[in-house]
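The listed protein sequences correspond, in order, to chains A and B. Sequential numbering from 1 applies to the first sequence in our numbering. Sequential numbering from 1 applies to the second sequence in our numbering.
Don't read these hints as lab results, they were simulated from the structure. Among the clues, some could well be false.
What the hints assert, rightly or not - Here are the computed distance ranges between Cβ atoms for each label pair: (1) B:Q81 / A:G71: 21 to 27 Å; (2) A:Q80 / B:S79: 45 to 51 Å; (3) B:Q81 / A:E68: 39 to 45 Å; (4) A:S53 / B:L46: 35 to 41 Å; (5) A:S53 / B:A112: 47 to 53 Å; (6) B:T71 / A:T70: 39 to 45 Å; (7) B:K56 / A:S53: 45 to 51 Å; (8) A:L66 / B:N22: 35 to 41 Å; (9) B:K68 / A:S58: 38 to 44 Å; (10) A:Q17 / B:P40: 26 to 32 Å.
Unchecked claim - Listed next, the stretches of chain A that the computed footprint assigns to chain B, with coverage defined by at least 3 CB atoms under 8 Å from CB atoms of chain B: (11) 37–46; (12) 60–69.
Quick reminder that beta carbons are idealized off the backbone N, C-alpha and C, glycines included.
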Amino acid sequence: EAGVTQFPSHSVIEKGQTVTLRCDPISGHDNLYWYRRVMGKEIKFLLHFVKESKQDESGMPNNRFLAERTGGTYSTLKVQPAELEDSGVYFCASSLWTGTVPNTGELFFGEGSRLTVL
Amino acid sequence: GNSVTQMEGPVTLSEEAFLTINCTYTATGYPSLFWYVQYPGEGLQLLLKATKADDKGSNKGFEATYRKETTSFHLEKGSVQVSDSAVYFCALRRSNDYKLSFGAGTTVTVRA
Chain A
1 EAGVTQFPSH SVIEKGQTVT LRCDPISGHD NLYWYRRVMG KEIKFLLHFV KESKQDESGM
61 PNNRFLAERT GGTYSTLKVQ PAELEDSGVY FCASSLWTGT VPNTGELFFG EGSRLTVL
Chain B
1 GNSVTQMEGP VTLSEEAFLT INCTYTATGY PSLFWYVQYP GEGLQLLLKA TKADDKGSNK
61 GFEATYRKET TSFHLEKGSV QVSDSAVYFC ALRRSNDYKL SFGAGTTVTV RA
């Protein structure tokens, strides 16, 4: 069974440009999460989808970030326009819906997409 | 708020050495505690976890005990191998939440 896949693995762009990161969760996982690790610091939560609905986007840093999950399958995270401080590794994770609230199913992470903004 | 503090790296060891990575946390209530590992070229993987005080999580020779009195969850392995070279992250999740709070990660390099 394929794990969580992310694309691209590394993206180098200039300040002001746009980048779109993609995440394909494990098939059947309704929950999809985005996390970010900036400058080798702690990994921080960005947002959470249940199917195509945003459940929690409290971690999104500002309105330059837009996440979508059309059809409840793959998700994209767009940064427009990118700033220097957006550089870091963006992780995607997915999990099964356990039927409990809050959902506490094990998270399966992708390799991450490294973003470098020059 | 919730926070996780883990020892800064990088840590470089010889094979068969003893490894300890310290992790302490701040949280209300009784969070679940985790260690995640990222091997080179791979995604974050759950290494072990503990959900209540005095629980010991173990996997692949690694162990960590949930210490409520010292708010700690230190990771230990008695004899490391080159294949243990990775970045290790301590994390917590509050009982009424699903979000993980991570530490900054510790890079471990094991030399033959």
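Evaluated hints:
no., hint, in the structure
1, B:Q81 / A:G71: 21 to 27 Å, "43 Å, violated"
2, A:Q80 / B:S79: 45 to 51 Å, "49 Å, holds"
3, B:Q81 / A:E68: 39 to 45 Å, "42 Å, holds"
4, A:S53 / B:L46: 35 to 41 Å, "26 Å, violated"
5, A:S53 / B:A112: 47 to 53 Å, "50 Å, holds"
6, B:T71 / A:T70: 39 to 45 Å, "42 Å, holds"
7, B:K56 / A:S53: 45 to 51 Å, "38 Å, violated"
8, A:L66 / B:N22: 35 to 41 Å, "38 Å, holds"
9, B:K68 / A:S58: 38 to 44 Å, "28 Å, violated"
10, A:Q17 / B:P40: 26 to 32 Å, "28 Å, holds"
11, 37–46, "holds (count 7)"
12, 60–69, "violated (count 0)"
Of the numbered hints given earlier, the model fails hints 1, 4, 7, 9, 12; all others are met.
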